[in-house]
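Protein chains in written order, with the working numbering: chain P, 1 to 115; chain Z, 116 to 232.
Source of the hints: derived by calculation from the structure; they are not laboratory data.
Honestly, I wouldn't trust all of these hints.
Claimed, not checked - Distance condition first, Cα-Cα at most 25 Å in a straight line; then the derived DSS-like pairs of lysine-lysine:
#1 Z:Lys170 to Z:Lys135
#2 Z:Lys181 to Z:Lys157
#3 Z:Lys129 to Z:Lys170
#4 Z:Lys181 to Z:Lys135
#5 Z:Lys135 to P:Lys3
#6 Z:Lys179 to Z:Lys135
#7 P:Lys3 to Z:Lys156
#8 P:Lys107 to P:Lys3
#9 P:Lys73 to Z:Lys129
#10 P:Lys107 to Z:Lys170
#11 Z:Lys179 to Z:Lys157
#12 Z:Lys157 to Z:Lys135
#13 P:Lys3 to P:Lys73
#14 P:Lys73 to P:Lys16
#15 Z:Lys129 to P:Lys107
As the list claims (entries may be wrong) - Quick list of the computed label-pair ranges, beta carbon to beta carbon:
#16 Z:Gln200 to P:Ser114: 47 to 53 Å
#17 P:Ser31 to Z:His122: 34 to 40 Å
#18 P:Gln57 to Z:Pro201: 45 to 51 Å
#19 P:Glu61 to Z:Ser130: 43 to 49 Å
#20 P:Ser114 to Z:Gln144: 39 to 45 Å
#21 P:Gln69 to Z:Ile127: 42 to 48 Å
#22 Z:Glu174 to P:Ser114: 35 to 41 Å
#23 Z:Asn185 to P:Thr5: 15 to 21 Å
#24 Z:Thr172 to P:Lys3: 29 to 35 Å
#25 Z:Thr172 to P:Glu61: 30 to 36 Å
#26 P:Glu61 to Z:Ser124: 24 to 30 Å
Claimed, not checked - Part of the chain P face toward chain Z, derived, beta carbon under 10 Å:
#27 Gln6
#28 Gly33
#29 Tyr37
#30 Gln39
#31 Gly43
#32 Ile46
#33 Phe47
#34 Gln83
#35 Leu103
#36 Thr104
#37 Phe105
#38 Met110
We put the CB at the ideal spot given by N, CA and C, even for glycine.
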Amino acid sequence: AQKITQTQPGMFVQEKEAVTLDCTYDTSDPSYGLFWYKQPSSGEMIFLIYQGSYDQQNATEGRYSLNFQKARKSANLVISASQLGDSAMYFCAMRLDSGYSTLTFGKGTMLLVSP
Amino acid sequence: GAVVSQHPSRVICKSGTSVKIECRSLDFQATTMFWYRQFPKKSLMLMATSNEGSKATYEQGVEKDKFLINHASLTLSTLTVTSAQPEDSSFYICSAARRDRANSPLHFGNGTRLTVT
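Chain P with its partners taken away, still in its complex shape (with noise of 0.2 Å):
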C-alpha cells in the first residue's frame, strides 16, 4: 500500500520569501507520479505540479519546483517568492503508474503568507 506523509501541519512565510513543504512517500511499486495541490479556503483542488519516478530532472512550473530525491523518497515543493495568495492548504500525492488508479494524498499542510 502506498503512503504519503507530510508533517507540517501548518506553515508560515513572509511574502516573497521562499518556503519549502515536505512531502515523503513510500511505495513498493518502482513507477509512480507524484503530485502536489493546492486547495484554498473554497475548496477546489488546483493541480501545481507533477514529478514522474522516472524523470531524471525535478520539475518546475514556474514558481514551484519540486525536490525530488528517490533515494530518501521525498518529493519537496518549493515556492518561490511566495506571494499573499499562495495561502491555502498543499496536498502532497501518489498515484501509481499502472491502470488508472486514484491518488494517495497526504494529509496536508497549510501555508500562511503575511504581507
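Given chain P, work out where chain Z should sit, using these hints.
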C-alpha cells in the same frame, strides 16, 4: 486545460431526504471517476471509484447503499446521498482521470458542500 464540473456547489437539505451530486468532465472522456469526502481541515478520503458502465468500487467503511454512485457515460458520474443525516454533512469532491493519458493529474471538480439539517 481539462475541466471537471461539479454541481451543485452547495446544498442544504433536511434529514431523510436524498441529494444527488453530479460530476461532469467537460472536454475529455473519463473512464474512471473518483469520489472523495473531506472533513474540515482534513485530507481527502477516497469513498469510491466509479468506472463507466460498471458498478462502483467502494472503500472499506463506506456504505454503498447510502452513497449511490452511477457512472452512466464517459463524461458523467453521480453520487446520491440517500436518506441524508446530519453526520453526512461534509465536503464532497469528485475527480476524473483522462482516458487517453494514464499519467495525467486527476482533474477535480470544485466540490459540493452538503449540510444536512
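Results of checking the hints against the structure:
For the proposed pair Lys170 of chain Z and Lys135 of chain Z, the alpha carbon gap of about 17 Å is at most 25 Å, so the pair holds. The hinted pair formed by Lys181 of chain Z and Lys157 of chain Z meets the criterion: a straight-line CA distance of about 22 Å does not exceed 25 Å. For a cut-off of 25 Å, the pair hint linking Lys129 of chain Z to Lys170 of chain Z is broken: about 28 Å separates their Cα positions. Restraint check: the Cα-Cα separation between Lys181 of chain Z and Lys135 of chain Z comes to about 12 Å, which is no more than 25 Å; the hinted pair holds.
Between the alpha carbons of Lys135 of chain Z and Lys3 of chain P the distance comes to roughly 31 Å, so the proposed pair goes past 25 Å and is violated. At most 25 Å may separate the alpha-carbon atoms for a hinted pair to count; Lys179 of chain Z and Lys135 of chain Z meet this at roughly 14 Å. The suggested pairing of Lys3 of chain P with Lys156 of chain Z holds, with an alpha-carbon distance near 19 Å, which does not exceed 25 Å. For the hint pairing Lys107 of chain P with Lys3 of chain P, the CA-to-CA distance comes to about 10 Å; that is within 25 Å, so the pair holds.
At most 25 Å may separate the alpha-carbon atoms for a hinted pair to count; Lys73 of chain P and Lys129 of chain Z exceed this at roughly 46 Å. For the proposed pair Lys107 of chain P and Lys170 of chain Z, the alpha carbon gap of about 29 Å is over 25 Å, so the pair is violated. Distance restraint check for Lys179 of chain Z and Lys157 of chain Z: the Cα-Cα separation of roughly 22 Å lies within the 25 Å cut-off, and the hinted pair is therefore satisfied. For the hint pairing Lys157 of chain Z with Lys135 of chain Z, the CA-to-CA distance comes to about 23 Å; that is within 25 Å, so the pair holds.
Straight-line distance between C-alpha atoms of Lys3 of chain P and Lys73 of chain P comes to about 11 Å, which keeps the hinted pair within the 25 Å bound. Restraint check for Lys73 of chain P and Lys16 of chain P: not satisfied, since their Cα atoms lie roughly 28 Å apart, outside the 25 Å limit. Straight-line distance between C-alpha atoms of Lys129 of chain Z and Lys107 of chain P comes to about 31 Å, which puts the hinted pair past the 25 Å bound. The hinted window of 47 to 53 Å between Gln200 of chain Z and Ser114 of chain P is violated, with their beta carbons roughly 40 Å apart.
Between Ser31 of chain P and His122 of chain Z the beta carbon distance is about 35 Å. The supplied range of 34 to 40 Å therefore holds. The hint said 45 to 51 Å for the Cβ distance between Gln57 of chain P and Pro201 of chain Z, and at roughly 50 Å that hint holds. Separated by about 44 Å at the C-beta atoms, Glu61 of chain P and Ser130 of chain Z satisfy the suggested range of 43 to 49 Å. The hinted window of 39 to 45 Å between Ser114 of chain P and Gln144 of chain Z holds, with their beta carbons roughly 43 Å apart.
Taking 42 to 48 Å as the suggested C-beta distance range, the pair Gln69 of chain P and Ile127 of chain Z conforms, at roughly 46 Å. Look at Glu174 of chain Z against Ser114 of chain P: about 38 Å separates their beta carbons, and that is inside 35 to 41 Å. For the pair Asn185 of chain Z and Thr5 of chain P, the supplied restraint of 15 to 21 Å is violated, since their beta-carbon distance comes to about 35 Å. With their beta carbons about 20 Å apart, Thr172 of chain Z and Lys3 of chain P fall outside the hinted range of 29 to 35 Å.
Between Thr172 of chain Z and Glu61 of chain P the beta carbons are some 32 Å apart, a value that agrees with the proposed interval 30 to 36 Å. At about 27 Å, the beta-carbon gap between Glu61 of chain P and Ser124 of chain Z stays in the expected band of 24 to 30 Å. The restraint placing Gln6 of chain P at the interface with chain Z holds, with a minimum CB-CB distance near 9 Å, inside the 10 Å limit. The criterion of a C-beta within 10 Å of any C-beta in chain Z is met by Gly33 of chain P, whose closest approach is roughly 5 Å, and the hint holds.
At a threshold of 10 Å, the smallest CB-CB gap from Tyr37 of chain P to chain Z is about 8 Å, leaving the interface hint in force. Given hint, Gln39 of chain P at the interface with chain Z, holds; its Cβ is 9 Å from that chain's nearest Cβ, closer than 10 Å. Below 10 Å, beta-carbon pairs count as interface contacts, and Gly43 of chain P has one with chain Z at about 4 Å; its hint therefore holds. The interface hint given for Ile46 of chain P holds, since its Cβ lies 8 Å from the closest Cβ of chain Z, which is under the 10 Å cut-off.
The beta carbon of Phe47 of chain P comes within 4 Å of a beta carbon in chain Z, closer than 10 Å, and the hint placing it at the interface holds. The interface hint given for Gln83 of chain P is broken, as the beta carbon of that residue sits about 21 Å from the closest beta carbon of chain Z, more than 10 Å. At about 6 Å, the closest approach between the beta carbon of Leu103 of chain P and any beta carbon in chain Z falls short of 10 Å, and the interface hint on this residue holds. At about 8 Å, the closest approach between the beta carbon of Thr104 of chain P and any beta carbon in chain Z falls short of 10 Å, and the interface hint on this residue holds.
The interface hint given for Phe105 of chain P holds, since its Cβ lies 5 Å from the closest Cβ of chain Z, which is under the 10 Å cut-off. The criterion of a C-beta within 10 Å of any C-beta in chain Z is met by Met110 of chain P, whose closest approach is roughly 8 Å, and the hint holds.
Hint compliance for this structure: hints 3, 5, 9, 10, 14, 15, 16, 23, 24 and 34 are not met, and every other hint is.
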